[in-house]
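Q: Between the sequences and the hints, there should be enough to build the whole structure, so can you do that?
Residue numbers (our numbering), protein chains in the order written: chain U, 1101 to 1394; chain B, 12 to 364; chain F, 514 to 844.
Calculated cross-link-like contacts (lysine-lysine; reagent style DSS-like; alpha-carbon spacing at most 27 Å): (1) 661/F / 41/B; (2) 645/F / 617/F; (3) 596/F / 567/F; (4) 592/F / 1280/U; (5) 617/F / 1120/U; (6) 632/F / 1280/U; (7) 1301/U / 617/F; (8) 1120/U / 1301/U; (9) 1301/U / 634/F; (10) 661/F / 1120/U; (11) 596/F / 1280/U; (12) 765/F / 289/B; (13) 1221/U / 596/F; (14) 221/B / 765/F; (15) 632/F / 1301/U; (16) 1301/U / 592/F; (17) 592/F / 1221/U; (18) 617/F / 41/B; (19) 617/F / 1280/U; (20) 661/F / 1280/U; (21) 1301/U / 1280/U; (22) 1301/U / 596/F; (23) 1280/U / 567/F; (24) 631/F / 585/F; (25) 41/B / 1120/U; (26) 709/F / 289/B.
In short, the hints are calculated from the structure, not lab data.
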Amino acid sequence: MHDAQMQLTKKSRFSRNLRKLGRALSQDPVGTIGLLILLAIIAMSTLGPLWFPLDEISNPDLILSAPSAEHFLGTDHLGRDIWAQVVSGGRELLVLAFLTASIAVVLGIFLGSFSALIGGKFDEALLFLADVWLTIPRFPLLVVLSGFFRLSSVTLAIVLAILSWAGLYRTIRAEVLSLKTRDFVEVSFMLDMSMLHIIFKEIMPNMMGFIAANFTLLMRAAIYSQVGLVFLGLLPLDQNWGVMINVAWNQGVIYNPSSIWFLLAPTIVICLLILSLVWISRSLEEIFNPGLQK
Amino acid sequence: MTKNTRTGTDSSQKNRLLDIQDLSIEYRTKRGRLQAVHKASLRVDAGESVAIIGESGCGKTTLATSIVRMLPLNARISHGRILYRRSDDEQTRLDTASERELRTIRWSDIVMMFQTSQSSFNPVARIRTQFLDTAQAHEPNSDPQEILQRSKKLLELVYLDGEAILQAYPHELSGGMKQRTMIALALLLQPKLVILDEPTTALDLITQKKILELLNSLRETLGFSMIFITHDLGIVTQLADRVVTMYAGSVVEDAPSRSFFTSPRHPYSKGLLHAIPKLDAEFEELYSIPGNTPDLVEKIEGCLFAPRCEFALGMCRTTIPSLDEVEQGRKVACHVFGINGKSDKTSSSGGNA
Amino acid sequence: MTTPLVEITDLTKVFHQRKTGDVAILRGIDLTIEAGETVCVVGESGCGKTTFGKILAGLHDYSGGSFKYGGKEVATLSKTDWKPFRRSVQMIHQNPYESLNPTKMVFDMLAAPLRHHKKIKDFTTLYHETVKLLEMVGLTPVEDFIDKYPGNLSGGQRQRVSIARVLAMDPQFIVVDEATSMIDTSMRISLLTTLKRIQQELHVAYLYITHDLALGRYFAWGHRIAVMYLGKIIELGPTSDLIGDPCHPYTKAILSAARLETDSPYELNNIDIPSFTNICTGCSLSPRCPQVMPGICDVTEPQLRDIGNNRKVACHLYAQDDHNGEASYGK
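A: Below you can see the structure in the form of C-alpha cells.
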C-alpha cells in the first residue's frame, strides 16, 4: 500500500514523467537530432565564450583571412576571429527567442482560455480587438518602433510578444472551444471545479502538443524579427549573428572567397537553430497526440 | 491471374458457399503483433444465416472484413484460407485473389454492410445516382432505366416509396429509412452472401423489429446467405440459423441457434447468456463474467478463456483446445465440455486433469 | 409528507435553431423522485431523454415549468444555494471514452474534487480517501488502478472511475445517462449491480436513462419506470406492473418490439418517428396509433393522469370518470 502511495507523490511523478518524455523523444530519430542540435547550440553559446573569447582588438595583418589552425573560420574585416564571434553571437538571440515565446504563450493561454470559457461580451470584445490587431503589419511596425525607442533584448522580447498575441489568442481560443465541448470538461464543471483548475489541469494538458508547436513557431518568428532588424541596422546590438550578417554583407564579403565564412557561418548556425526547433516541435506534437487522444 | 482451385462437385460441398479454414489474422501495432484472429474456421452454406457473436476485441469484425479483404493496412492474414464458391464448379481463394478479381466479387457476389452504413451515402448526390453508380461499376453496359426499375422494386420490398427515395438526398431520410435503403442497395446486384456488421445497433426498437422481419423475408424471396455480427443476442434468435461464438480471436462454439440458446456448451457462451437480462424472465440476480478480456499482444499459453473460467482444469492453461464436432452440426473448443470432456452437466472440478 | 427530492412540473425546453426556428424538445414533463429512489426513463433515441437528464443534472437550463430540488426552484437558486445543489446532483455520462481526461491518472481524477471540496490537503488522507472510493466501485486491487491512465482501462473500468469521481462529492441524486450502452454486454450487469449496491449503502436516488427495456427493468426493479415519447412522459408506474401490463399504446408497441413478438404483435401504423419540428395537434402518437380515436386524439393533447395503483398514463383511452376516480380501461 505504501509503495503505490509513494509513487504518487508529486515529486516522484514529475521525475517519472520527465523520464518518460525523454524516452519518447529519444525513440523518434528526428526529434533526437533536433534536440541534440539545440543542446549543442545552447552549450556552444553559454560555454563557448569562456573558451573562445572575442578578439577585442583589431589586427590589421589578418583582415579577411582564410580559415587556419588558429582561426577556424578565418577573420573578419577587422582581423578578429570569426569562430569566437559565432560562439558568442547566439546567447542574446536564444534568450530573446525563449523570452518572447514564453510571454506570448502565457498571454495567449490566459486570454484565449478565459475568452473561450467565459464567452459572452468579454469574448466578443476580445475577438474584435484581435481581428483589428491582426491587420497591423508586424515587421514595419517593429521598424518604426525601433526608430523611436532604444530596443534592448528584453524590451524587444516584450514588444514582440505583445505584437504576436492576436494570432496565438485566436488559435488557442479555437482549441479551447473545441475541448470545452468534450465530456470530461463538462464533468469538471459539474464537479464545481474552479476556472483555474479547468484551464490548467483539464484543458491545458490536452493542448500540450499544440502549445509546444506554437512555442517553437514563436521562437522562430522572434529570431527572424531580431535578425531582420539587426540586418537592417535598426537594432544596436553588439555581438549577434544578425550583426555579423549585416556587417559581412556591407563589407562585401561575398566577393572574397577566403572570408566567406564571415557571412556563411552565422547564416548556417541560424538555420540549424531553426531546423532544430522545427524538428523538436514535430516530434513533441507526435508524442503528445497519440498519447492524449484515444 | 486468378487463383482457381477446381474442386470436385462433391454433393455436400456443392452447398458450401463460404469456407474459412484455420484463418489467422494479426495486426502490426506499436506494441507488437496483435493476434486478432487465431485459427478460426467458419462455414456458410447457400441460403444459411449465421450469427457471429462476441464482445469487443473478439475478432468478429476482423474476421468478417477479411472475407471481402477490406482489412486495414497494418493487418495481415498470416495463416489459413478463405474459399468462396463462385459457381457450381469454381472455387476462388479470397485471401490470395488479386484486387481485380476481388472487385468483381465485391458487391455483385458478396456485400458487406458496415456498422456506419448510415453515413455511407454521398451527402451531395441523390440516392438514384448512388444506385446507378453502383450498378454501372459492375455492369457497365446495362441500361440505366432498367437499373432504376430494379432499384424501385427493391426499395418497395423494404417498405419504402421507391420513386420518392430515389429522388431524395441522404439527409432527407431518417436513420431507419437510410438503413433500409442501404439494404436495398446491397441487394441490387443479387449477391449470394450478405455480411452485416451490427445491423440494428443505431435503430430504435420498432424499426429494428421491422428490419429483422425484412431481412428474413428477403432471404426467403431472394435466397442469399447471411453472416451478421452482433452483440445483441435478442436479434440472433430472430435471424440466425446458426450461432458462432468468438472469444479473444478464436471460435469457441459453433451451434444451431436453438440448441445454443437452450443448452450452451462453452463456459463463455454460458456466461454470456447468464449476463444478459431478459424482459420477461423471472427476476433473478444476474452475474457478469469475472475478469477482463486478455491483451491480444501478449502471448498466452493455453485456452484464452481459462483465467476467467470457473471450470478450468490444469490442461486448460497449457494447451489450446481445438474446435471439434461434439454432435451433429455442433462444435465446441473446450477441454471440459468439448469432444473429450464430460457432458454439459455442470460440475466444476478445479483439480488437474 | 416529506418534500420529494426532485419535483418537476410541466418542464419545457426549447432550442433555438437559426434555420428552423424554435424547436420544443421537452413539451411539459411532470415527475417526482423521492430520496433513495430510482426512476428509469426509457424512450427511443432522440425522444429528449438525454436533454431531460442534462437539465436535471444542472447542465442545461430549462425554458419553462418548474424544477425543484430539495424544495427550491433550480432556475432561481441564489449563489449560496447553487453550490450545495451543484454538489448534490451529479451525472454519469454515456461514453466512457470521452468522460475521462486522457492526460490524468486515476488518482488525480479522484483527488481533485476531494482536495477542492473536502479541503483535504494532507497527502496520506487524500490517498486513503481515494482508495475508499475505488473500493466502493469495485476497482480492486486498488494498486492495479490507482496510477493508471484512461488509455489503459477498459470501458467498464472507466465507467467505474466516473462513478467513483462522482461519489467524491457525496451526491444525493445521480443522473445515469445510458452508462452501459458502450460497454460489453457481459460487463453491463456488473456495473449496474455496483450502482444498486451504492444506492443501498449511500441512499442515492437515480434517474436511469436507457433505450434498453430489459436493462431498465433489471435496474429499476422494485422502483418506477417512465416512458418518454417525443418530449413527453406518456406512462409512469412501478416497473413490474408497467412491463407486465402496459397501458399506453406506445408502451405496448415498444414492449412488443423488444420481445420480437411474431404472433399477434402490437404494432404502430408507421415505423417512422415524426420530427420535433412538425408534431401534430392533439396526442403526438395519433398519426401512428392503432387505437386512435378520431375527433378526440387528434384534437386534444392528453395529460399524464393518475389511473390508480400508482400508475399514470397520458392517453384518452384511459379517460377518468371523475366522480369515482377509477380508471375505465379502454383496451
